[in-house]
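Chemist: Sequence:
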Amino acid sequence: MKGAFHMVEVYICQLPKEKSQVKLGELLLKVPKERQKHIRRFYHLDDAYRTIIGDYLLDHVLKQRTGKTLKEITLKRNAYGKPYLPDYPFIQFNISHSGKYVVCAVHNQDVGIDIEEIQTFDLLLAKQLFTVDEYQMIRNSNDRNHTCYEIWTMKESYTKAVGKGLVIPLDAIRIRKHVGNLMEVGSSHEKELVTNFICKQYAIHTDYKLTVCARMTGGNMFLEHPIEMYFDQMC
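Residue numbers (our numbering): 1 to 235.
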């Protein structure tokens, strides 16, 4: 379906178990030349695969929404590095990857997404990055690493949604309230109070945290589950 859409869509794809430089070379032929140059710079094959799978997820969305491929569409970046489609302002997107997963969020309003493989989180770092209340929540949690990554992915997805990345200090971002698995978030960066964003977390794997954040549009904005894409079918 082409044109505007109102639900936040999250696409997810796993890296293939078997990877090769030969296959990567074949995949590169379907992305723009500047993306080919960028991906060829990666030293680790897994990093190259994560990046190009993100491009293929976006390509899938573009073909659905515009009938055009990624190679046929102009892609630019804002002053903070967030990519956008100047000719299709109704298609807002964001991509993230970690470990074996690549995810892409799509909406007709500002949207950001973050996925993280759960590892040991430094509590001293958490104390520096998060608010006093959030740090106390982590200290009181039965699983501090999981709680750290829940908060981290909410804040990271918010900074990506507003298009400023980590220019916004994480301790300036507030998680306003919890409604089921939906969280209202906002920030008070540079005397500007922004609160009209909402996050949803998806339980995809016990070792990962996935959060998508989008500008509120009213009603039910989020699909219940991510849309699973398969590497062999997509690539």
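Check before you lean on any hint, since a few could be wrong.
Unchecked claim - Cβ pair distances, simulated, as ranges: (1) K19 <-> Q136: 29 to 37 Å; (2) T206 <-> P16: 32 to 40 Å; (3) L223 <-> P89: 36 to 44 Å; (4) H6 <-> G67: 18 to 26 Å; (5) E117 <-> K30: 38 to 46 Å.
To be verified - Under the rule of at most 25 Å between Cα atoms (straight-line distance), these lysine to aspartate or glutamate pairs were calculated in the DMTMM-like manner: (6) K100 <-> E224; (7) K19 <-> E224; (8) K82 <-> E72; (9) K127 <-> D207; (10) K19 <-> E117; (11) K30 <-> D47; (12) K100 <-> D171; (13) K63 <-> D171; (14) K100 <-> E72; (15) K19 <-> D46; (16) K37 <-> D232; (17) K33 <-> E72; (18) K19 <-> E34; (19) K82 <-> D110; (20) K82 <-> E34; (21) K127 <-> E228; (22) K71 <-> D47; (23) K23 <-> E9; (24) K33 <-> D47; (25) K23 <-> D87; (26) K100 <-> E117; (27) K76 <-> D87; (28) K71 <-> D207; (29) K127 <-> D110; (30) K63 <-> D207.
For the record, the hints were derived by calculation from the structure and aren't laboratory data. For each residue, glycine too, the CB sits at the ideal point set by N, CA and C.
Chemist: Determine for every hint whether it applies to the structure shown.
Modeler: Evaluation of the provided hints:
no., hint, in the structure
1, K19 <-> Q136: 29 to 37 Å, "43 Å, violated"
2, T206 <-> P16: 32 to 40 Å, "22 Å, violated"
3, L223 <-> P89: 36 to 44 Å, "22 Å, violated"
4, H6 <-> G67: 18 to 26 Å, "20 Å, holds"
5, E117 <-> K30: 38 to 46 Å, "27 Å, violated"
6, K100 <-> E224, "22 Å, holds"
7, K19 <-> E224, "31 Å, violated"
8, K82 <-> E72, "19 Å, holds"
9, K127 <-> D207, "23 Å, holds"
10, K19 <-> E117, "20 Å, holds"
11, K30 <-> D47, "18 Å, holds"
12, K100 <-> D171, "29 Å, violated"
13, K63 <-> D171, "39 Å, violated"
14, K100 <-> E72, "29 Å, violated"
15, K19 <-> D46, "8 Å, holds"
16, K37 <-> D232, "23 Å, holds"
17, K33 <-> E72, "11 Å, holds"
18, K19 <-> E34, "22 Å, holds"
19, K82 <-> D110, "11 Å, holds"
20, K82 <-> E34, "16 Å, holds"
21, K127 <-> E228, "35 Å, violated"
22, K71 <-> D47, "21 Å, holds"
23, K23 <-> E9, "28 Å, violated"
24, K33 <-> D47, "18 Å, holds"
25, K23 <-> D87, "31 Å, violated"
26, K100 <-> E117, "9 Å, holds"
27, K76 <-> D87, "10 Å, holds"
28, K71 <-> D207, "34 Å, violated"
29, K127 <-> D110, "29 Å, violated"
30, K63 <-> D207, "32 Å, violated"
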